[in-house]
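Fit the two chains together into the complex; they arrive one by one in their own frames, and the hints show the way.
Residue strings, one per chain:
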Amino acid sequence: MGRRRLIALGFAVGSLLGIGLYARRGREGRERIDLYFADGSLVSLHSDSPEAAPLLVHAHDALRAAAT
Amino acid sequence: MTEPSAALADLTEISSQIESAVLFGADGKVVAATMPDEQAAQVAASAKALLEQAAQIGDGELTQIEASTGDGSLFVVKDGTTMIAASTSAEPTAGLVFYDLKECLRAVAKPPAKPKPKPKPKPRTTRPKSNGTS
Numbered sequence: 001m002g003r004r005r006l007i008a009l010g011f012a013v014g015s016l017l018g019i020g021l022y023a024r025r026g027r028e029g030r031e032r033i034d035l036y037f038a039d040g041s042l043v044s045l046h047s048d049s050p051e052a053a054p055l056l057v058h059a060h061d062a063l064r065a066a067a068t
Numbered sequence: 069m070t071e072p073s074a075a076l077a078d079l080t081e082i083s084s085q086i087e088s089a090v091l092f093g094a095d096g097k098v099v100a101a102t103m104p105d106e107q108a109a110q111v112a113a114s115a116k117a118l119l120e121q122a123a124q125i126g127d128g129e130l131t132q133i134e135a136s137t138g139d140g141s142l143f144v145v146k147d148g149t150t151m152i153a154a155s156t157s158a159e160p161t162a163g164l165v166f167y168d169l170k171e172c173l174r175a176v177a178k179p180p181a182k183p184k185p186k187p188k189p190k191p192r193t194t195r196p197k198s199n200g201t202s
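Here the protein sequences line up with chains L and V, keeping their order.
So in the working numbering, spot 33 of the first sequence is number 33, and the numbers just go up one at a time.
Going from the second sequence to the working numbering is simple: count from 1 and add 68.
Chain V on its own, in the form it takes in the complex (with noise of 0.2 Å):
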């Protein structure tokens, strides 16, 4: 698992289009964030209320949101318990930025590569010691 912090960093390297970013729980807990913790939390909250929101239009489980706006675009894209929100600026290249986002996402839940374990080594045999007569 990539620590958060670092999964973020990754991010905003990666895409030009991304401004910035917000990890959070379901309950709104910012996990990590481009931003100080005040202004995160304050994203992380109007986040939630937006997908909490929007998901009650429609039958289906919400997975994620574009809020295009004329002072720039809000995604916001939920994977299981960890939701990222993230602002670019106006008429970003959508696709781009949901991929880079779910990527995020992806890199802070998958669980770390387990290092090969060493093959043990094999017990030593004492062999009988020959007579010499063969």
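The following block holds chain L by itself, in its conformation from the complex (with noise of 0.2 Å):
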């Protein structure tokens, strides 16, 4: 009876932190940088990139300073 008890808790808790790494990951993988020119054209950058990386740096400090 234990045992079960403990295997159904312990499959809780590991879908529980599988639920929250998927959202985190998620959340991660959309983020992205679009950067519209005058002449109409549009580059769109996403996390993986690395001439996005330094772009989301600034874009993170400026809203966390905008939250707090």
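These are calculated hints, taken from the structure and not from any lab test.
Treat the hints loosely; a few may be bogus.
Unchecked claim - Below, computed lysine to aspartate or glutamate pairings styled on EDC-like, alpha-carbon distance capped at 20 Å:
no.: 1; chain 1: V; residue 1: 97; chain 2: V; residue 2: 159
no.: 2; chain 1: V; residue 1: 146; chain 2: L; residue 2: 48
no.: 3; chain 1: V; residue 1: 190; chain 2: V; residue 2: 171
no.: 4; chain 1: V; residue 1: 178; chain 2: V; residue 2: 78
no.: 5; chain 1: V; residue 1: 97; chain 2: V; residue 2: 71
no.: 6; chain 1: V; residue 1: 170; chain 2: L; residue 2: 39
no.: 7; chain 1: V; residue 1: 178; chain 2: V; residue 2: 139
no.: 8; chain 1: V; residue 1: 97; chain 2: L; residue 2: 61
no.: 9; chain 1: V; residue 1: 170; chain 2: V; residue 2: 139
no.: 10; chain 1: V; residue 1: 146; chain 2: V; residue 2: 87
no.: 11; chain 1: V; residue 1: 146; chain 2: L; residue 2: 39
no.: 12; chain 1: V; residue 1: 170; chain 2: V; residue 2: 81
no.: 13; chain 1: V; residue 1: 170; chain 2: L; residue 2: 34
no.: 14; chain 1: V; residue 1: 170; chain 2: V; residue 2: 87
no.: 15; chain 1: V; residue 1: 186; chain 2: V; residue 2: 81
Stated by the list, open to error - A short, non-exhaustive set of chain L residues, derived as facing chain V with CB atoms under 8 Å:
no.: 16; residue: 12
no.: 17; residue: 14
no.: 18; residue: 15
no.: 19; residue: 17
no.: 20; residue: 18
no.: 21; residue: 21
no.: 22; residue: 22
no.: 23; residue: 31
no.: 24; residue: 39
no.: 25; residue: 43
no.: 26; residue: 48
no.: 27; residue: 55
no.: 28; residue: 58
no.: 29; residue: 66
no.: 30; residue: 68
As the list claims (entries may be wrong) - Here are a few chain V residues that face chain L, going by a calculated C-beta distance under 10 Å:
no.: 31; residue: 109
no.: 32; residue: 135
no.: 33; residue: 141
no.: 34; residue: 159
no.: 35; residue: 162
Cβ atoms here follow ideal geometry from the backbone N, Cα and C, with glycine treated the same way.
Shown next as structure tokens:
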């Protein structure tokens, strides 16, 4: 009985951790920067591109400052 | 020209998506903001750095940026020497936010409407006194 409870508890905790990690990964995966130019062109940089990383740092800084 | 602080008040009233906004100049100096000065200066500095770094990507003139993150989105729009940075919650309607930000910049830059000049009263011409013969 105790062993079954332990297995069920482990399963529940594992599921919650999985859901949390999946949601976090999904949120991070959605990060992107869209640059609009005067001639109407658009450059979209996703978080996995090397050019986006330094830009996202500034964006996060600005959002953090705005939220505090 | 609308006062910058009044333009920002209109902006946050019109757009339910915009949580906070900062108007700043090309030098990064805050013109008006919907938050305390210290916070606004930090937002302006980060937004200016973002604009400067992003301008190195691509050949044309960079006019606006949308940075979508898990914590929310940051919008930066440039109009001449005046810039505006605004934060929204996650997944906003980007087109509407950009439109509202541009309208705000336009309102700040627009010269004041000149009041219509009053028509000058015509000088009274003194009629020659009739001698009563006609």
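Report holds or violated for the interface hint on residue 58 (chain L), using the least CB-CB distance to chain V and a cut-off of 8 Å. 4 Å, holds
Measuring from the C-beta of residue 15 (chain L) to each C-beta in chain V, is the shortest one below 8 Å? 22 Å, violated
Does the interface hint hold: is residue 66 (chain L) within less than 8 Å of chain V, judged Cβ to Cβ? 4 Å, holds
Check the hint pairing residue 97 (chain V) with residue 61 (chain L) against an upper bound of 20 Å on the C-alpha distance. Holds. Residue 97 (chain V) to residue 61 (chain L) sits at ~17 Å (cutoff 20 Å).
Is the straight-line distance between the alpha-carbon of residue 146 (chain V) and that of residue 87 (chain V) 20 Å or less? Holds. Residue 146 (chain V) to residue 87 (chain V) sits at ~19 Å (cutoff 20 Å).
Starting from residue 170 (chain V), check that the Cα of residue 139 (chain V) is at most 20 Å away, please. Not OK: residue 170 (chain V) and residue 139 (chain V) at ~23 Å, beyond 20 Å, violated.
Residue 170 (chain V) paired with residue 39 (chain L) [C-alpha distance capped at 20 Å]: 16 Å, holds
Checking hints one by one. Is residue 141 (chain V) an interface residue toward chain L, by the C-beta closer than 10 Å rule? Residue 141 (chain V) check passes; min Cβ-Cβ to chain L is 8 Å, inside 10 Å.
Residue 18 (chain L) was flagged as interface toward chain V. Is the shortest Cβ-Cβ separation under 8 Å? With Cβ-Cβ at 18 Å, over 8 Å, it is violated.
Are residue 14 (chain L) and chain V close enough, Cβ to Cβ, to be under 8 Å, as the hint says? 23 Å, violated
Are residue 12 (chain L) and chain V close enough, Cβ to Cβ, to be under 8 Å, as the hint says? At 25 Å from the nearest chain V Cβ, residue 12 (chain L) fails the 8 Å test, so the hint is violated.
Is the shortest C-beta separation between residue 21 (chain L) and chain V less than 8 Å? 13 Å, violated
Comparing the model with each numbered hint stated earlier shows that hints 1, 2, 3, 7, 9, 15, 16, 17, 18, 19, 20, 21, 22 and 26 do not hold.
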